[in-house]
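Enquirer: Between the sequences and the hints, there should be enough to build the whole structure, so can you do that?
Quick note, the sequences are listed as chains A and B, same order. The opening position of the first sequence corresponds to residue 1 in our numbering, with each subsequent residue numbered one higher. The opening position of the second sequence corresponds to residue 1 in our numbering, with each subsequent residue numbered one higher.
Quick caveat, the hints were computed from the structure, so don't treat them as lab data. As the structure is a prediction and not an experimental result, all values here were calculated from the model. The reader is advised that the hints may include incorrect statements.
Below 25 Å or equal to it, Euclidean Cα-Cα: the simulated DMTMM-like pairs (lysine to aspartate or glutamate) are [stated by the list, open to error]:
| id | chain 1 | residue 1 | chain 2 | residue 2 |
| --- | --- | --- | --- | --- |
| 1 | B | K139 | A | E306 |
| 2 | B | K151 | A | E318 |
| 3 | B | K108 | A | D334 |
| 4 | B | K151 | A | E306 |
Covered stretches of chain A, as calculated for chain B (at least 3 residues, CB under 8 Å) [stated by the list, open to error]:
| id | segment |
| --- | --- |
| 5 | 294-303 |
| 6 | 314-327 |
All C-beta atoms, glycine included, are put in the ideal place defined by N, C-alpha and C.
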Amino acid sequence: MNLGQAIRLRDATLLPSRRDEDWRWTDLRGLLRTIPEPSLALDPESIGPGPFDGVAGEVLVVANGAGPEAVEVEAGGDRTLVLRQVSRGDGAHACRLRIRVGAGARLTLLESHEGGGSGLSLLGVELDLGEGAACERLAVCDLDPDAVAVAELDVRLSPGARFAQTLLTTGSRRQRLETRVSHPGQGAEARLDGAYLLSGRRHADLTSSVRHEGPDGRTDQLARGIVDDQARAVFQGRIVVQEGADGTDARMAHNALILSDRAEVDARPELEIYADDVACAHGATVGALDDEVLFYMRQRGLPEREARILLAASFLGEVLDRVESPAASGRLRDWLAARLGAA
Amino acid sequence: MLSLRNLHARVGDREILKGLSLEVPAGEVHAIMGPNGAGKSTLSYVLTGRPGYEVTDGEAKLDGVDLLGLEADERAAQGLFLSFQYPLEIPGVPALTFVRTALNAQRKVRGEPEVSAPDFLKRARACAADLKMDFDMLKRPLNVGFSGGEKKRMEIFQMALLAPRFMILDETDSGLDIDALRIVSEGVNALRAPDRAMLVITHYQRLLDHIRPDRVHVLADGRIVASGGPELALELEREGYDKYARAA
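Expert: What follows is the structure, encoded as structure tokens:
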């Protein structure tokens with residue numbers, strides 16, 4: 001299976017399906033009988049405002065799959081890039097973008113996934129971080145309910161580099177955000193956070209895999225989410241510590257709240273450890289909002305809806321507490337507050 | 001002020017209140033004492049509208065307003081406050097944020113303007129000082145990691161800021177050492193007023209040395225089986241609940 005090829009060749013048999021172990025909870029083959037026609041061109045001038053408007057930085061737009069193919073941050077540079085992936089209509093499109101961050105450089109990548117119509121989209125990004133480089137990727141996904149969207153990021157870390165991400169999504173008909181990190185250790189660090197807030201019949205899949213190939217690397221992951229109605233969340237987190245990657249420190253936590261009997265959370269945290277001297281931990285919980293806590297809050301005068309929103313905001317807020325960029329952090333909080341209020 | 005008539009209530013299939021009647025006039029403090037399992041905590045939950053506590057008969061009115069027809073938060077906005085026996089922890093929500101949000105939610109229902117952040121902080125500082133609470137503690141998530149005594153103090157802090165008309169204190173003395181008991185009791189006594197009233201639920205006389213009740217009632221097997229002045233609490237302390245448990 002290969003989604004990019006499936007779209008290019010318009011061959012639905014190449015779509016990932018439940019037979020692929022990594023896609024068993026996000027089956028695209030069973031969802032789509034045919035690949036839609038290629039998307040029509042979309043004028044980037046027509047797309048309206050985005051969630052990071054006004055935050056300083058250059059804006060790159062990928063409009064129905066058309067956009068820049070390569071971005072380079074020179075060694076020692078410091079840039080903030082807004083990357084808007086905007087899709088409209090019912091077509092299919094795929095695009096690839098390469099981002100290189102030179103040695104010692106910094107990049108703040110503010111990403112938004114918008115629209116999607118009832119089409120199929122794939123955004124593939126390769127991110128190379130040079131020695132001592134740092135990138136924080138903050139992404140918000142506001143997709144249409146009928147969109148089928150996959151975004152894949154391949155990160156190559158160099159020694160001493162640091163990659164941190166926070167993904168926020170409300171899902172879509174079927175959405176997957178996949179992050180793969182090749183981790184050389186040697187002081188390199190990765191933070192792979194995410195939060196999902198799903199209602200209706202929406203689906204979101206946060207999948208990540210980190211491969212620690214050398215000693216003394218760190219990976220830290222906190223994913224949290226809330227699912228309501230008939231929504232479905234998938235969390236797959238894999239951390240592999242290869243032989244010789246001693247001194248690796250890897251932590252993974254996934255916590256979900258289910259607000260409805262018909263909602264579903266499928267979680268698969270996996271640690272594969274082939275080295276001896278490592279500190280690894282993972283924790284996963286799936287629960288409901290605590291009725292006793294809700295009653296306590298209502299006794300103090302909070303209406304049930306407000307009490308639920310306050311609890312949900314604080315639950316997901318702990319993910320936002322870890323965001324580093326001060327300029328974007330407020331935007332992410334506003335975004336979350338608006339989605340919670342509308343839920 | 002609070003008027004309970006022939007209150008029957010059950011939790012699941014178990015009937016716990018079996019015809020409880022009680023009048024607490026404005027300006028008074030009444031104590032409810034009784035053996036374990038008599039229905040003391042059930043009474044506090046029935047009055048405050050906890051889900052799962054079903055009233056099958058009788059009435060409960062606060063200044064003529066039927067409490068039983070209101071949601072828990074609507075009762076709070078009517079000025080009803082319960083100091084919990086076991087206060088809950090609310091991860092991620094700082095204590096001050098929580099109380100201010102609750103206060104403004106109540107005021108909104110009552111058609112009163114919001115309390116501004118600076119005004120609220122000023123009042124919070126004064127209340128914290130009265131209760132000898134460390135102000136930094138109020139910036140931490142409510143009750144998370146607090147000791148039993150700190151949680152009880154936090155209940156009284158919330159009570160002081162929310163300024164309810166009718167207060168129910170459920171075993172507020174448990175978990176408090178003698179100094180904390182004195183400070184908390186002073187906090188409670190400061191809220192006594194001619195237009196307010198209080199129901200103090202306790203197993204022991206100790207708390208009533210600090211919060212002097214006007215009337216004492218004995219609750220046994222879901223009913224008030226005896227009522228009297230403060231001397232009744234002393235008698236119970238001396239002689240225990242045996243004779244009431246048998247009478248019930």
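Enquirer: The structure should be examined with respect to each hint, and the outcome stated for every one.
Expert: We went through each hint and held it up to the structure:
no.	hint	result
1	B/K139 - A/E306	holds, 20 Å
2	B/K151 - A/E318	holds, 23 Å
3	B/K108 - A/D334	holds, 23 Å
4	B/K151 - A/E306	holds, 23 Å
5	294-303	holds (count 9)
6	314-327	holds (count 4)
Going through the hint list in order, the structure satisfies each hint without exception.
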